[in-house]
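Protein chains: 2
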Amino acid sequence: MVFDEEFSEIAKSIKASEIRELLKVVQNPEIISLAGGLPSPDAFPVEVIREIVDDLMEKEGPKVLQYGSTDGVNSFRDVIVERATNKFGFSNIHRENVLILAGSQQGLYLAAKIFVNRKDIVIVEAPTYVGVLTAFQSYFPTFVDIEMDKDGMNTHLLESKLKELKKEGKKPKLIYTIPTFQNPAGVTMNLERRKHLLELAEEYNTLILEDGPYEELRYSGKDVPRIKSLDKNERVMYLGTFSKILSPGIRIAFMIAHEDIIQKAILAKQGVDLCTNTLSQYIAQEYIRRGYLDRQIPKIIKLYKEKRDTMLDSLEDYFPEGVDWTKPDGGMFLWVTLPKHVDAEKLFPKAIEHKVAYVVGSAFYPKRDHKNTMRLNFTYPSNEMIKEGIKRLASVIKEAL
Amino acid sequence: MVFDEEFSEIAKSIKASEIRELLKVVQNPEIISLAGGLPSPDAFPVEVIREIVDDLMEKEGPKVLQYGSTDGVNSFRDVIVERATNKFGFSNIHRENVLILAGSQQGLYLAAKIFVNRKDIVIVEAPTYVGVLTAFQSYFPTFVDIEMDKDGMNTHLLESKLKELKKEGKKPKLIYTIPTFQNPAGVTMNLERRKHLLELAEEYNTLILEDGPYEELRYSGKDVPRIKSLDKNERVMYLGTFSKILSPGIRIAFMIAHEDIIQKAILAKQGVDLCTNTLSQYIAQEYIRRGYLDRQIPKIIKLYKEKRDTMLDSLEDYFPEGVDWTKPDGGMFLWVTLPKHVDAEKLFPKAIEHKVAYVVGSAFYPKRDHKNTMRLNFTYPSNEMIKEGIKRLASVIKEAL
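Residue numbers (this note's numbering), protein chains in the order written: chain U, -14 to 386; chain G, -14 to 386.
One or more hints might be untrue.
Chain copies aren't distinguished; within one or between two, either way the pair holds.
Computed list of lysine-lysine pairs in BS3-like fashion (alpha-carbon distance at most 27 angstroms, straight line) [to be verified]:
hint, residue 1, residue 2
1, K104, K(-3)
2, K312, K135
3, K(-3), K217
4, K372, K284
5, K335, K207
These are calculated hints, taken from the structure and not from any lab test.
With the sequences and hints as input, model every part of the structure.
Next up, the structure:
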């Protein structure tokens, strides 16, 4: 490339995301993609957004189209405070604890920007969300990953790791978790581990970054309280988003955290994008205020529950012995573990030949190991596509066994 | 603060922007603010946006509310290519040269992220846009500032500086300029200097970051070609925005540059916010496609020309001898130079007492010098407010002389 020597160290270090590259292949309409991470367009309240924008333009156009302040529209921050208090069980939070974001990814990026120096330790789940890796890698941290099982991050392994690090004189800057319906694994951390995680954060004096994009999309099982709702000493930074319960295209999310952290995040955001989309903030505000959100969530749950069930049934019907998968109670993804000797990366071209796509599991590990795993999405494809896709994938896997 | 020792080096280094802090004072409705940087809400095509969103929701709701790719909506990128080719005079550009941004500030940030290592030299105009300082400071560069006069950046001073740096074995990473109706100074770089700047970039093998937020808002004088339109060797990264010709609240801007630079900027953006607001991209696309933009610009020009004239007339009428100001042919700001011994920072509390506000000029210099200067905005206040505001400011200045 012409400018190769001019680029910064960061620019030289960032590579095209593998998922992104893989997904390009998937543009072919004959391929059934279980690879994406998209909500179903059927989940979008199109008519509601139309009504809201219509009203906003009629009554408050100039305000809604103007620059906003970096922290967000105050009335919207108050709506978030109210919802977090009443629905999420967060206590003692105020407008000053809320920063409006242009999507959760921005929250991950700002957390990295305000906390991570080169070689700082950041603890993540194994596997973890790819976006946290791309966000944090800009600051050259050392990732430490903690294995999960069907009850989420194994906090006993975490405890051993924290002890070990302490002996070496090292303290992690923060622990990142998607405790509920994790992306990519589809598992949920149980209550006992959530409490244990908080105790460990206290004992080892570190922070928790809790990412809750799917919290409200539960199709079975009982609610488990958010970690932030159990948090007495403001050790938890919580990220919430409207991408899965309204629209990802309007890019609205929020961080709830200690006021001092929010203050720093605001300053960090100022340099990054000045302010979040004002129109989108008002759309999300009215979506909640007019009661549409609480009416839409059951519709989305109904839609996705059927898709999840279709995928679980199809896996049961078609997948061979020796292949294992998680049974998510909500969210968008499940996680397949193949026999040790089967490499999902090598399998991928064959799957494409059979016109089905998935994401290779190694993409979700900082060290790119666990090659015998894959992530499947069930929210975007139709029920028919899910069934046919799993059938195709089953035959690809059988060939490899 | 509780988390003081946990914060990153960057977080510790960023301070609340002075302008931001000053503007808090200005919330008092009795104060006439000439300090802001806001477009007039009268310039927003509220009804047009309502119509466009209505149509989009009726016909393309699911697409418009879904995640987009990091580079932007392809059809919108093509619309930008067409406009840049036909209206900006850019040649030989394609979709691959365009990255859609969530506002120009993001473009500044990404340029910093992909080019600037610690202590790299970044050349800016003196005074320069505050946002470029906040964006770039995250990467700890060394700013070198080049004085301007009524014809923009003095490229002869630039040449001397480049020579001097070369002798020291140093090469600037890039040269940042707002050549037309500069913020904060209100001046426009003449054609000769634009050509000279490009020659210098060639000779010293560096890049130009051309920021063009006000290009289409000319109230007098003749158009001067954008530097990018004279650029034969893709040395110029161009930033354009819809904030001043549509709405700042929808946060849409774009970068046009060499394909390799765009590729790196896309990767850098992926970690920062995944993708730009899809709904806003379609709004801006339809705004151009349906011909509204070209009909709106003359209306905005008419509105702002009157405001500029009112401010220039009022300055002539009320300001004392010994005070100088620029006569912008467009844009949103003009620049006042007080006699050397008058400190605009010290004057500020007195201005607030007199119920008028401005931005102290030193905020626009990396070294915070030039204390005898101030920036005035004429797009947001009404004509009456401008007249009364200048009258009040004149009496504050007279007291200080």
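Consistency of the hints with the structure:
no.: 1; hint: K104 / K(-3); verdict: both (18 angstroms within a copy, 17 angstroms between copies)
no.: 2; hint: K312 / K135; verdict: within (8 angstroms within a copy, 68 angstroms between copies)
no.: 3; hint: K(-3) / K217; verdict: between (42 angstroms within a copy, 26 angstroms between copies)
no.: 4; hint: K372 / K284; verdict: within (22 angstroms within a copy, 56 angstroms between copies)
no.: 5; hint: K335 / K207; verdict: neither (39 angstroms within a copy, 62 angstroms between copies)
In this structure, only the earlier hint numbered 5 is contradicted, and the remaining ones agree with it.
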